[in-house]
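Colleague: When you get a sec, could you build the whole thing from the sequences and use the hints?
Read top to bottom, the protein sequences are chains R and V.
Residue numbering for the first sequence follows full-length UniProt numbering, starting at 1 and increasing by one per position.
Residue numbering for the second sequence follows full-length UniProt numbering, starting at 1 and increasing by one per position.
Keep in mind the hints are simulated off the structure, nothing from the lab.
Mixed in with the good hints there might be a few duds.
One copy or any two copies: either way a pair holds, since identical chains are not told apart in the list.
[Stated by the list, open to error] Cross-link-like lysine to any residue pairs, in silico, SDA-like; alpha carbons within 25 angstroms at most:
1. K174 <-> E215
2. K391 <-> A26
3. K25 <-> V392
4. K243 <-> I177
Protein chains: 2
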Amino acid sequence: MVDMFKILDCTIRDGGYYTNWDFNKALVDQYIESMNKLPVDYLEIGYRSKPLQGYLGKYFYNPSYELLDLKSKSNKKLVVILNEKDVRVEHLDELLTPIKGIIDMVRIAIDPEHLGRAISLAEGIKKMGFEVGFNVMYMSKWNQYSNFMGDLKFVDGVADYFYMVDSYGGVFPKDVIETIGLVKSNTAVKLGFHGHNNLELALINSLTAVEHGVEIIDSTVWGMGRGAGNLKTELLLAVLNSKYGLSIDFNALGDAVSAFDDLLRKYEWGTNLPYMISGSNSLPQKDVMDWVTTRFYSFNSIIRALQNQKEKVKDNERLPLFEPQSKSKQILIIAGGKSASEHASAVLEFVKQNEDMTIIHASSKNAYSYKDIKNEQIFCLIGNEGRRMEKVFDDFGHFNGICVLPPYPRKMGTYVPELVYGRTFELPAIDFTSDFKDSHTALALQTALTLGAEKIYVIGYDGYQDVPISSKERTLTNENEALFAAFHDTSDVELYTLISSNYSILKEQSLYSLLD
Amino acid sequence: MVDMFKILDCTIRDGGYYTNWDFNKALVDQYIESMNKLPVDYLEIGYRSKPLQGYLGKYFYNPSYELLDLKSKSNKKLVVILNEKDVRVEHLDELLTPIKGIIDMVRIAIDPEHLGRAISLAEGIKKMGFEVGFNVMYMSKWNQYSNFMGDLKFVDGVADYFYMVDSYGGVFPKDVIETIGLVKSNTAVKLGFHGHNNLELALINSLTAVEHGVEIIDSTVWGMGRGAGNLKTELLLAVLNSKYGLSIDFNALGDAVSAFDDLLRKYEWGTNLPYMISGSNSLPQKDVMDWVTTRFYSFNSIIRALQNQKEKVKDNERLPLFEPQSKSKQILIIAGGKSASEHASAVLEFVKQNEDMTIIHASSKNAYSYKDIKNEQIFCLIGNEGRRMEKVFDDFGHFNGICVLPPYPRKMGTYVPELVYGRTFELPAIDFTSDFKDSHTALALQTALTLGAEKIYVIGYDGYQDVPISSKERTLTNENEALFAAFHDTSDVELYTLISSNYSILKEQSLYSLLD
Numbered sequence: 001m002v003d004m005f006k007i008l009d010c011t012i013r014d015g016g017y018y019t020n021w022d023f024n025k026a027l028v029d030q031y032i033e034s035m036n037k038l039p040v041d042y043l044e045i046g047y048r049s050k051p052l053q054g055y056l057g058k059y060f061y062n063p064s065y066e067l068l069d070l071k072s073k074s075n076k077k078l079v080v081i082l083n084e085k086d087v088r089v090e091h092l093d094e095l096l097t098p099i100k101g102i103i104d105m106v107r108i109a110i111d112p113e114h115l116g117r118a119i120s121l122a123e124g125i126k127k128m129g130f131e132v133g134f135n136v137m138y139m140s141k142w143n144q145y146s147n148f149m150g151d152l153k154f155v156d157g158v159a160d161y162f163y164m165v166d167s168y169g170g171v172f173p174k175d176v177i178e179t180i181g182l183v184k185s186n187t188a189v190k191l192g193f194h195g196h197n198n199l200e201l202a203l204i205n206s207l208t209a210v211e212h213g214v215e216i217i218d219s220t221v222w223g224m225g226r227g228a229g230n231l232k233t234e235l236l237l238a239v240l241n242s243k244y245g246l247s248i249d250f251n252a253l254g255d256a257v258s259a260f261d262d263l264l265r266k267y268e269w270g271t272n273l274p275y276m277i278s279g280s281n282s283l284p285q286k287d288v289m290d291w292v293t294t295r296f297y298s299f300n301s302i303i304r305a306l307q308n309q310k311e312k313v314k315d316n317e318r319l320p321l322f323e324p325q326s327k328s329k330q331i332l333i334i335a336g337g338k339s340a341s342e343h344a345s346a347v348l349e350f351v352k353q354n355e356d357m358t359i360i361h362a363s364s365k366n367a368y369s370y371k372d373i374k375n376e377q378i379f380c381l382i383g384n385e386g387r388r389m390e391k392v393f394d395d396f397g398h399f400n401g402i403c404v405l406p407p408y409p410r411k412m413g414t415y416v417p418e419l420v421y422g423r424t425f426e427l428p429a430i431d432f433t434s435d436f437k438d439s440h441t442a443l444a445l446q447t448a449l450t451l452g453a454e455k456i457y458v459i460g461y462d463g464y465q466d467v468p469i470s471s472k473e474r475t476l477t478n479e480n481e482a483l484f485a486a487f488h489d490t491s492d493v494e495l496y497t498l499i500s501s502n503y504s505i506l507k508e509q510s511l512y513s514l515l516d
Numbered sequence: 001m002v003d004m005f006k007i008l009d010c011t012i013r014d015g016g017y018y019t020n021w022d023f024n025k026a027l028v029d030q031y032i033e034s035m036n037k038l039p040v041d042y043l044e045i046g047y048r049s050k051p052l053q054g055y056l057g058k059y060f061y062n063p064s065y066e067l068l069d070l071k072s073k074s075n076k077k078l079v080v081i082l083n084e085k086d087v088r089v090e091h092l093d094e095l096l097t098p099i100k101g102i103i104d105m106v107r108i109a110i111d112p113e114h115l116g117r118a119i120s121l122a123e124g125i126k127k128m129g130f131e132v133g134f135n136v137m138y139m140s141k142w143n144q145y146s147n148f149m150g151d152l153k154f155v156d157g158v159a160d161y162f163y164m165v166d167s168y169g170g171v172f173p174k175d176v177i178e179t180i181g182l183v184k185s186n187t188a189v190k191l192g193f194h195g196h197n198n199l200e201l202a203l204i205n206s207l208t209a210v211e212h213g214v215e216i217i218d219s220t221v222w223g224m225g226r227g228a229g230n231l232k233t234e235l236l237l238a239v240l241n242s243k244y245g246l247s248i249d250f251n252a253l254g255d256a257v258s259a260f261d262d263l264l265r266k267y268e269w270g271t272n273l274p275y276m277i278s279g280s281n282s283l284p285q286k287d288v289m290d291w292v293t294t295r296f297y298s299f300n301s302i303i304r305a306l307q308n309q310k311e312k313v314k315d316n317e318r319l320p321l322f323e324p325q326s327k328s329k330q331i332l333i334i335a336g337g338k339s340a341s342e343h344a345s346a347v348l349e350f351v352k353q354n355e356d357m358t359i360i361h362a363s364s365k366n367a368y369s370y371k372d373i374k375n376e377q378i379f380c381l382i383g384n385e386g387r388r389m390e391k392v393f394d395d396f397g398h399f400n401g402i403c404v405l406p407p408y409p410r411k412m413g414t415y416v417p418e419l420v421y422g423r424t425f426e427l428p429a430i431d432f433t434s435d436f437k438d439s440h441t442a443l444a445l446q447t448a449l450t451l452g453a454e455k456i457y458v459i460g461y462d463g464y465q466d467v468p469i470s471s472k473e474r475t476l477t478n479e480n481e482a483l484f485a486a487f488h489d490t491s492d493v494e495l496y497t498l499i500s501s502n503y504s505i506l507k508e509q510s511l512y513s514l515l516d
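Modeller: Okay, here's the thing in structure tokens:
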């Protein structure tokens, strides 16, 4: 059996979803060296792409000098992938001419809706002398696209490999067999399989695919890849060795695996309950990955959002719009950072001395200290904040604030603690920024604008002064920085931090200078 | 389908292999509370056992007051397990009478060789009014036991459930089907399946088992369990929900999973390359778990040992016996702790001033500093030390020492760097201790005894003075302590540490007091 199919390792390409396509060069060299000793046929090194907005790393663009270096060190066929949605035939010359003779195969990531467009693109790539791989997403839904199966005949002679991609990680071996049967009845192209591991079925699905005639399999070291990740190269090779007698240099394989240990500890990819739910219900895992890795939303909040998506409830009810009757010239935004709890007694004194000042709680984390004050208080309920609020306020008897949510519809749904239901509103829009609208800070700042703020104090935006900071913390810090900058660009209201902060865009005004 | 089988969650019992059967009480309470809301039928809370040597935690003995407390909080049937090898019929009264009316089912972990003995034990348990579960290990090898299949008929009427345990984690769905067929042709007992996840096949094997008539399935939260772990409860439930319509309270499930997050980060159970190799080759994972979690041997060393086991080479050649011609009255053992490198220049001075002193390198870690001295030097090659030595001595031109290995046969095999091959010996025996013979310290101390030592200095045994220490470090520290104590009990040679140490059994004598 093992002679009948090929293996494509796409660790660098798919692992890039965690590292933003930057990898330490020594790691990549170790990877190449280890793979040289292993029965893997192709290595996919990342994307090629026109310049896109925002920072994306080396292996998203793969400049030819880098590919040339890898080519000189590798005895494998090298592969890059293009995103069909971003690339048209007229871009091919610019994208692919520099890597002719270096790269052996060009793959195309394809939405099944655009199979026709992908075929035109593939013809262009083929003419330039590359092998062509089709990576067609959402295999579990192909039968829902009306022309898809009929159009498969046009793939013959254009694609060298036609990959079925289990995008959601939810297919079972019987589904693999069924899809192979359907595809094979429409085209003679060689088939490939790219399995995701949400349900820990990547191995059995891949072996099943091969038994039913699939000729190329994707895998990655430690399964590194978007969301729950992929079939693990080391698992595939260990099983091919023990069950099918394929000879493996386990020292080389051990080196490849060990090289990625540190990244695994840092990013902790792999399946978990949210990915299992999204996988088994064919829900997209892009959002789930963001919720799990960046926003540290609780499993329960994520699960609730996923359940709602699944039931198409979307848990998204329209709430009354937030339309404050009177303006609040002075605002204090209290965020979740340490300074807000460390200086809580002084802040309490400050708001008592300024009872016309409105308090906006960007997070409920430090809110309980303020339960008895007379100032107007507004709570930002984003993500799982409603649940956190319920934990912070074990007793809502004292609660006299109001709650605001982002505009309808909300990705994470609408969760409002029952006891504050009548006092909860949604913003009509978040319009001072085009990014990160789904964050505490965006909601708090927009609320302040809606209130007609003329001066905004903030506390609890510390910018993670403790080092080392985690990558999650860095992401959130960068987000806040971008939001403060966008606010600064679109509004002439100044933001003052009451405690020294690492956000340099905030003006500093000592809390203690403002107390009587 | 979901009405046709039961689920037994054995997180506390099987997770105890990582925590030594101690779990924070709040965690256990959270677990019980979450399980109350989930469609799980039985909870296995751990072992019951006569007192065994060494420390084993609460859930290995399960005193009745604890089980009574859990019983009052749980709406599930509760289970404990006995190790057949440690329990005879005459122990049953003492072990089980105190938990009558609290525990619903008693399981027995059974080596297939002792099926007959287990049946007698089960009859006793049954008479006391408990449900009885058989957990029979090594299902992949049952056909190698001559009377096993024939004896299965005696299980009828004695066992309520007869579990097939995939001890190695190496069976595939087709093997599950085959074994079920064999067992069913010999007995009418209800079947169970306990799957290990080395090859990420626990889910598909369990679902396959159920489709072929198995009536109870084991799982654990996050798959927590010995070695690579088990079928994940959350994965089973997520799939039963999405594919078979079983109603699941995902908030409760999320709470159960989140409760074990910290333990997962601490112990990092789950599959990895060594477990994949042991699983797919039916090699016992007890040793692998020790190598991976306690001894931090490199993947490559472990893989090499496993490959050798698999090929029955065992990589175990007989080496010449270590029979020193002359005695060495004074010995210095240099271990891997920080003090040995921090005080290296003074130690170098000390050995130069005492050229008749023999140096024993318990680890090669700090050895390179001593490459030019004239003293006799002995290197202890245990586990992967031969490979470490090759890294430390990138040039063996200077090497004039000899190497010693533990007695034949060696679990981790025989790895000797090529250039020291003619200068390498094995000890005839390690006899001053009955435990931890497979360690650097045991080998070094035995070597010192073989040399006829009258006074032994040690350095680099610091006892992990930095806090917090990891559980790996604690295990090694405990081992060394036990070895020093065993040495102290069997020999009147004193051990002096040259630098202050946390091992209180070592006498202190300042390195600096011994220098001219």
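Colleague: Among the hints numbered above, which are violated by the structure, and what are their numbers in rising order?
Modeller: none
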